[in-house]
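Hey, can you work out the whole structure from these sequences and the hints?
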Amino acid sequence: MNTRQLLISLWTMVVKEVRRFVRIWPQTLVPPSITMTMYFIIFGNLIGSRVGEMHGISYMSYIVPGLIMMSVITNSYSNVASSFFSNKFQRSVEEMMVSPMPNWVILAGFVIGGAARGLGVGLIVTVVSLFFTHLDLHHPFLTLMVVVMTALLFSIGGFINALLAKKFDDISIIPIFVLTPLTYLGGVFYSIDLLPEFWQNVTMINPILYMVNAFRYGILGISDIPVSGALIAIAAFIVAFWCLALWMLNRGKGIRS
Amino acid sequence: MAEPALSIRGLTKVYGNGFEALKGIDLDVAQGDFFALLGPNGAGKSTTLGIVCSLVQKTAGQVKIFGIDIDEDFAKAKYALGVVPQEFNFSQFEKVEDIVLTQAGYYGMPMKEARPRCDRLLKDLGLWDKRNGSARMLSGGMKRRLMIARALIHRPRLLILDEPTAGVDIELRRSMWEYMRRINEEEGTSIILTTHYLEEAESLCRNIAIINRGEIIKNTSMRGLLTELDTETFLLDLAEPLDTAPRVEGFEVERADSHQLALSVRKGTDLNDAFQQLTDQGVRVLSMRNRANRLEELFVSMTSQPDAATGIDGPSETSAQAKETAS
Numbered sequence: 084m085n086t087r088q089l090l091i092s093l094w095t096m097v098v099k100e101v102r103r104f105v106r107i108w109p110q111t112l113v114p115p116s117i118t119m120t121m122y123f124i125i126f127g128n129l130i131g132s133r134v135g136e137m138h139g140i141s142y143m144s145y146i147v148p149g150l151i152m153m154s155v156i157t158n159s160y161s162n163v164a165s166s167f168f169s170n171k172f173q174r175s176v177e178e179m180m181v182s183p184m185p186n187w188v189i190l191a192g193f194v195i196g197g198a199a200r201g202l203g204v205g206l207i208v209t210v211v212s213l214f215f216t217h218l219d220l221h222h223p224f225l226t227l228m229v230v231v232m233t234a235l236l237f238s239i240g241g242f243i244n245a246l247l248a249k250k251f252d253d254i255s256i257i258p259i260f261v262l263t264p265l266t267y268l269g270g271v272f273y274s275i276d277l278l279p280e281f282w283q284n285v286t287m288i289n290p291i292l293y294m295v296n297a298f299r300y301g302i303l304g305i306s307d308i309p310v311s312g313a314l315i316a317i318a319a320f321i322v323a324f325w326c327l328a329l330w331m332l333n334r335g336k337g338i339r340s
Numbered sequence: 045m046a047e048p049a050l051s052i053r054g055l056t057k058v059y060g061n062g063f064e065a066l067k068g069i070d071l072d073v074a075q076g077d078f079f080a081l082l083g084p085n086g087a088g089k090s091t092t093l094g095i096v097c098s099l100v101q102k103t104a105g106q107v108k109i110f111g112i113d114i115d116e117d118f119a120k121a122k123y124a125l126g127v128v129p130q131e132f133n134f135s136q137f138e139k140v141e142d143i144v145l146t147q148a149g150y151y152g153m154p155m156k157e158a159r160p161r162c163d164r165l166l167k168d169l170g171l172w173d174k175r176n177g178s179a180r181m182l183s184g185g186m187k188r189r190l191m192i193a194r195a196l197i198h199r200p201r202l203l204i205l206d207e208p209t210a211g212v213d214i215e216l217r218r219s220m221w222e223y224m225r226r227i228n229e230e231e232g233t234s235i236i237l238t239t240h241y242l243e244e245a246e247s248l249c250r251n252i253a254i255i256n257r258g259e260i261i262k263n264t265s266m267r268g269l270l271t272e273l274d275t276e277t278f279l280l281d282l283a284e285p286l287d288t289a290p291r292v293e294g295f296e297v298e299r300a301d302s303h304q305l306a307l308s309v310r311k312g313t314d315l316n317d318a319f320q321q322l323t324d325q326g327v328r329v330l331s332m333r334n335r336a337n338r339l340e341e342l343f344v345s346m347t348s349q350p351d352a353a354t355g356i357d358g359p360s361e362t363s364a365q366a367k368e369t370a371s
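Protein chains in written order, with the working numbering: chain A, 84 to 340; chain B, 45 to 371.
Mixed in with the good hints there might be a few duds.
To be verified - Restraint ranges, calculated between C-beta atoms of paired labels, are given here: (1) A:Arg339 <-> B:Ser308: 44 to 54 Å; (2) A:Ser255 <-> B:Asp117: 35 to 45 Å; (3) B:Gln106 <-> A:Lys336: 20 to 30 Å; (4) B:Phe118 <-> A:Gln110: 11 to 21 Å; (5) A:Lys336 <-> B:Asp163: 32 to 42 Å; (6) A:Arg102 <-> B:Lys120: 26 to 36 Å; (7) A:Ile288 <-> B:Gly211: 22 to 32 Å; (8) B:Ser183 <-> A:Arg87: 35 to 45 Å; (9) A:Glu136 <-> B:Asn176: 54 to 64 Å; (10) B:Lys120 <-> A:Ile124: 54 to 64 Å; (11) B:Gly170 <-> A:Arg102: 19 to 29 Å; (12) A:Gly312 <-> B:Asp117: 39 to 49 Å; (13) B:Asp163 <-> A:Val210: 36 to 46 Å.
These aren't lab readings, by the way, just hints derived from the structure by calculation. No residue lacks a Cβ here, since even glycine has one placed at the ideal position from N, Cα and C.
Okay, here's the thing in structure tokens:
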């Protein structure tokens with residue numbers, strides 16, 4: 084395929100993926116908005132008013148970056164996992180396999196589509212948060228970079244999950260048993276300074292801690308960890324996961340007999 | 045001499061469980077041909093076509109599409125290939141025209157070229173009124189035609205039709221035959237057809253290969269193959285019931301039921317003899333017809349083995365029943 088054909092095929096993939104999650108917006112866009120509104124009301128307003136400040140910032144403002152990031156992570160991951168597995172299940176993945184599209188275009192199409200949903204939901208949650216608090220963007224470029232990189236990383240993760248999945252249950256195991264606990268324990272609702280030293284050290288091996296804190300640094304200007312290290316770690320994970328996903332796709336893992 | 049539309053040499057497939065689905069088959073399909081690939085269930089047809097379409101990984105051998113080796117430039121070879129699979133393999137939740145246009149996009153076709161082509165195909169295949177509806181609302185026959193439209197959107201030179209009329213009613217099947225015949229004769233599209241309607245293969249195809257247990261057991265012209273048929277069986281409808289089959293010299297006669305006889309006639313035998321003998325015995329025949337299609341008789345005789353599957357592939361329409369989920 085020449086460059087123009089490659090761009091057309093990639094655009095087609097992305098449009099198809101975006102069309103899918105927009106078509107079923109009551110399942111994809113509304114629930115996270117409602118869930119996050121509940122978090123803002125209960126944790127931010129009701130409980131947060133008794134917690135007071137964290138690092139000199141109101142508790143409501145403190146949890147907003149984490150909750151946005153939580154939405155981005157779960158939606159990016161779930162979108163690709165669900166969409167690609169549905170393609171496998173309905174065998175419509177064969178439409179792509181019989182075409183001359185290179186595997187990297189297929190992967191990129193799903194990943195960009197997943198990131199688009201993650202970022203779209205993130206934007207909705209951000210708008211909702213503005214009804215509860217005021218946000219000053221301290222480092223806009225850094226904020227954007229962290230959230231886009233995180234969305235891409237978890238989209239690739241969702242793709243790998245869907246490639247390996249054999250039934251629908253297999254694509255919900257990781258979000259429920261891995262992503263959700265890591266996100267809750269990744270400093271969304273608290274600063275790790277509040278933890279005993281041992282648990283602080285344990286928390287440091289949680290990759291989501293770095294993403295939440297880098298994002299919080301971009302918005303609020305505060306972080307529990309060095310931000311540069313977080314960026315390097317996210318970038319390294321993106322490269323590693325991309326290579327793994329593409330290798331699996333080239334081998335036909337989970338899709339070719 | 046023109047390169048064959050499809051050339052297969054020594055194609056072997058051994059699945060992970062050790063099952064040898066293909067045992068080094070050779071096959072050529074000429075450009076412009078309408079070619080039938082037949083075989084019982086599990087014979088290796090779908091594996092062969094799956095390898096050609098890149099849905100199955102081969103173990104060994106060579107596949108060339110219009111002279112392009114799929115190991116060297118599969119992407120280029122895929123441009124020449126259109127595939128209509130046996131099972132529905134599109135998203136049931138997409139709009140009909142989106143399914144066709146998306147496929148065009150996968151081939152890098154610009155929208156200004158894809159849109160009129162899509163409109164033309166949907167009109168030709170009787171799907172124009174349904175273009176804005178969800179694919180899951182289509183009937184089985186319409187879904188099959190949708191897959192044909194999708195396969196033709198990028199103007200393939202070789203079209204693979206795997207059971208294209210399975211589950212389609214007779215009237216619609218015949219209109220699909222006409223359409224396939226037209227794209228073969230007028231547009232020069234080479235077609236490989238697998239079907240369990242042997243009448244369909246006999247009517248449409250000029251050449252035929254029969255595959256059984258991973259080996260090509262016959263590869264010849266349809267006309268040549270049919271001349272090999274040395275016995276035909278006719279069913280005779282009788283005016284009066286019979287308790288036993290009459291004896292007819294030079295023929296095999298079985299009583300199918302009280303009002304029907306099965307008469308086996310060897311090639312070159314004078315059928316008038318049979319009727320004369322029946323008349324002499326007071327047996328009146330009201331009508332007669334072939335018990336089976338001629339190709340079917342040959343097919344069964346070639347592929348029937350004591351421990352082999354004797355059935356021909358039935359329609360497989362296990363369409364995805366899943367609700368569209370998006371967690």
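Here is how each hint holds up against the structure:
1. A:Arg339 <-> B:Ser308: 44 to 54 Å: 47 Å, holds
2. A:Ser255 <-> B:Asp117: 35 to 45 Å: 40 Å, holds
3. B:Gln106 <-> A:Lys336: 20 to 30 Å: Since B:Gln106 and A:Lys336 have Cβ atoms about 24 Å apart, the given range 20 to 30 Å holds.
4. B:Phe118 <-> A:Gln110: 11 to 21 Å: 36 Å, violated
5. A:Lys336 <-> B:Asp163: 32 to 42 Å: 38 Å, holds
6. A:Arg102 <-> B:Lys120: 26 to 36 Å: 29 Å, holds
7. A:Ile288 <-> B:Gly211: 22 to 32 Å: 55 Å, violated
8. B:Ser183 <-> A:Arg87: 35 to 45 Å: 38 Å, holds
9. A:Glu136 <-> B:Asn176: 54 to 64 Å: 55 Å, holds
10. B:Lys120 <-> A:Ile124: 54 to 64 Å: 58 Å, holds
11. B:Gly170 <-> A:Arg102: 19 to 29 Å: 25 Å Cβ-Cβ, so the 19 to 29 Å window holds.
12. A:Gly312 <-> B:Asp117: 39 to 49 Å: 44 Å, holds
13. B:Asp163 <-> A:Val210: 36 to 46 Å: 40 Å, holds
Against the hints set out earlier in the document, violations occur for numbers 4, 7.
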